[in-house]
Amino acid sequence: MKNRQTVAHTPDYRQGSTPRPNPASAGRRMKRNVRVGDRRTTIVLEAYVWDCIDSMLQRENVTLDAFCNMIEGVRRSSSMASSARLIVLAYFRLLQQINTPHFVDPDIVNKQQSGTLESPPPPTGPLPVLQLAIRRFAQDEAHGR
Numbered sequence: 001m002k003n004r005q006t007v008a009h010t011p012d013y014r015q016g017s018t019p020r021p022n023p024a025s026a027g028r029r030m031k032r033n034v035r036v037g038d039r040r041t042t043i044v045l046e047a048y049v050w051d052c053i054d055s056m057l058q059r060e061n062v063t064l065d066a067f068c069n070m071i072e073g074v075r076r077s078s079s080m081a082s083s084a085r086l087i088v089l090a091y092f093r094l095l096q097q098i099n100t101p102h103f104v105d106p107d108i109v110n111k112q113q114s115g116t117l118e119s120p121p122p123p124t125g126p127l128p129v130l131q132l133a134i135r136r137f138a139q140d141e142a143h144g145r
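For the sequence shown, the working numbering gives the first residue as 1, with consecutive numbering after it.
Quick caveat, the hints were computed from the structure, so don't treat them as lab data.
Don't take every hint at face value.
[Claimed, not checked] Okay, derived cross-link-like pairs now, EDC-like style, lysine to aspartate or glutamate, Cα gap no bigger than 20 Å in a straight line:
1. Lys31 / Asp51
2. Lys31 / Asp54
3. Lys31 / Asp65
4. Lys31 / Glu46
5. Lys31 / Glu72
Computed from a predicted structure; not experimentally measured.
With the hints as constraints, model all of the structure from the sequences given.
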């Protein structure tokens with residue numbers, strides 16, 4: 001029996017087809033100098049991450065230095081660059097969540113239809129996130145998502 005080597009199929013780009021580069025793998029990194037506290041430092045991030053940071057900072061009316069100082073105040077073992085990436089990801093996910101249709105409690109809809117709408121009880125302590133997640137899941141299930 002011959003020893004066969006398995007080679008992963010990769011397209012031959014020399015045959016005239018030029019693939020569109022993936023910006024995540026293109027390796028185009030950009031450096032920016034920032035002031036964190038009393039020191040100047042350089043942050044190296046991918047160009048598309050800088051674009052996201054620029055959009056976020058413009059929307060929030062915050063300078064890059066102020067943003068980096070905010071990161072410095074909360075980060076522990078992560079690098080400044082990794083922390084910035086994660087914060088940008090969290091920011092845009094939160095924006096997406098904020099801009100999606102609001103959660104509608106089926107009990108409230110039923111009460112509205114019967115004409116006996118009541119005000120919710122006053123909040124007591126922290127928001128029960130797990131309960132909200134379960135309700136959101138139930139809503140998604142009801143809509144077949």
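Looking back at the numbered hints, which does the structure fail to meet, lowest number first? Failing hints: none at all.
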